[in-house]
Amino acid sequence: MKIFYSFMAVGIICLIASIIYDTTKLTPGHITSLFVVIGAFLGIFGVYDILIEHIGSGMSLPITSFGNSLVNAAYEGFHENGFYGLFGNMYATTSAGISGAIIIGFVVTLFCKPKD
Amino acid sequence: MASFKFKNIYLSSSSTISSQNEKINTKFTIEDYFDGEKTTEDAEAKMQKTVIKDMLKNGPVDFIVSGELSNQIGISNHVMSDFRISHMGIYSACATYTEGLIVSASILGSSTLKNALTVVSSHNLNAERTFRFPIEYGAPRRVTQNFTATGAVASLITKNPTNVKLEGCTIGKVIDYGIKDANNMGAIMAPSAADTLLEHLKDYRRDASYYDVILTGDLGRLGSELFKELLSRHDITLKNYIDAGSELIVDKTLTNQGASGPICLPLYLIEKILQNPKNKHILIIGTGSLQNATLVNQKNTLPSVSHAVSLEVL
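These protein sequences, in sequence, are chains A and B.
Residue 11 in my numbering is what sits at position 11 of the first sequence, and the numbering runs on without skipping anything.
Residue 261 in my numbering is what sits at position 261 of the second sequence, and the numbering runs on without skipping anything.
Just chain A, same shape as in the assembly (with noise of 0.2 Å):
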């Protein structure tokens, strides 16, 4: 059944976003920024972490759960360091992904050159 709410849950976000991509002017780089923003903004009043434990995959997949993470981890931080921790943690959670994208990319660039 979690198997099940998850497919909806990306499909459901997937088709909310192509409705604004479809009915506005905004490009798929503000679609993106704006759905961190909700994720983040979900993740504040800890409704996020609720959709993740009933629903999986399915919320932690999408972008939103990237919002989510960086409000939370920043909330972490602010717990152990204070001012301090809420910056210097903000990104904690989310670091294997950002660093996995510039180092890859990195690698890649040394073997592939661009074609533009």
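The hints are simulated quantities; they were obtained by calculation from the structure and are not laboratory data.
Any given hint could turn out to be false.
So the derived list for chain A, only partly shown, Cβ under 8 Å to chain B, looks like this [claimed, not checked]:
1) D22
2) K25
3) P28
Ideal Cβ positions, reconstructed from N, Cα and C, are used throughout, including at glycine.
Chain A is fixed; fit chain B onto it per the hints.
Chain B alone, transformed into the frame defined by chain A:
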């Protein structure tokens, strides 16, 4: 608005090349967007060289007028450095072909020069990069967005009589209806196309039914509807109207609107309209959306221009 007639200027043979997406039979075709070259720009340059070399087989030309969609018409200039022939680069976005015909015919008409080549080309990925997003970004296409056609055309304009006569032209005004959406080129170009057609009919004291075919460049399906609506406000209903872009790409998975680019009009004119002997009086209206990526990002409105040329098949 400036309308004038040409004296004994003819459209001779043409050479065409296109990709697989365009539903039209051309003399040459390319297999993919790179066509064995390193970059898509080189591929577009190669297409231009192919058609120019094909036309030069028939004998030398006095000068070449060419243009396309890349920044500072770089590809045309790059190509022309390979040929030691006098060259003028022009840019009116998708109205470049009709502008080229007007420039070539006017120069021939007022000089002792005998013949000229008008060359235009466009490439889907190059236009995408010039006007929209980097290609790798892979932005999905919007409902109102056209799909730039890939191909090149070289037309020989000459004083030696052939069966297609360039009769006259109308140079269009730049029209701006205040549209800021660069992905809705049909709506940007429709007002200028309607304005040019109305002026043309007024200047030549003709009725729209005088023409067997009125061919616009790349208004797309939405743009064509808007064009007809604007004309209906002046009590003109077109029965003989074709939009080249809408006919050129019919694959709905590529675009809802049809093809765009300076190449649409000449490809459809040469390979379809002129092949049909029933078409005697033809009016071609090149419609150009004059967008500039910097000005679009600064939220400016988008102007457009349309140039019309009337052809007579003898």
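Each hint tested on the structure:
| no. | hint | in the structure |
| --- | --- | --- |
| 1 | D22 | holds, 6 Å |
| 2 | K25 | holds, 6 Å |
| 3 | P28 | holds, 6 Å |
Consistency note: the structure conflicts with none of the earlier hints.
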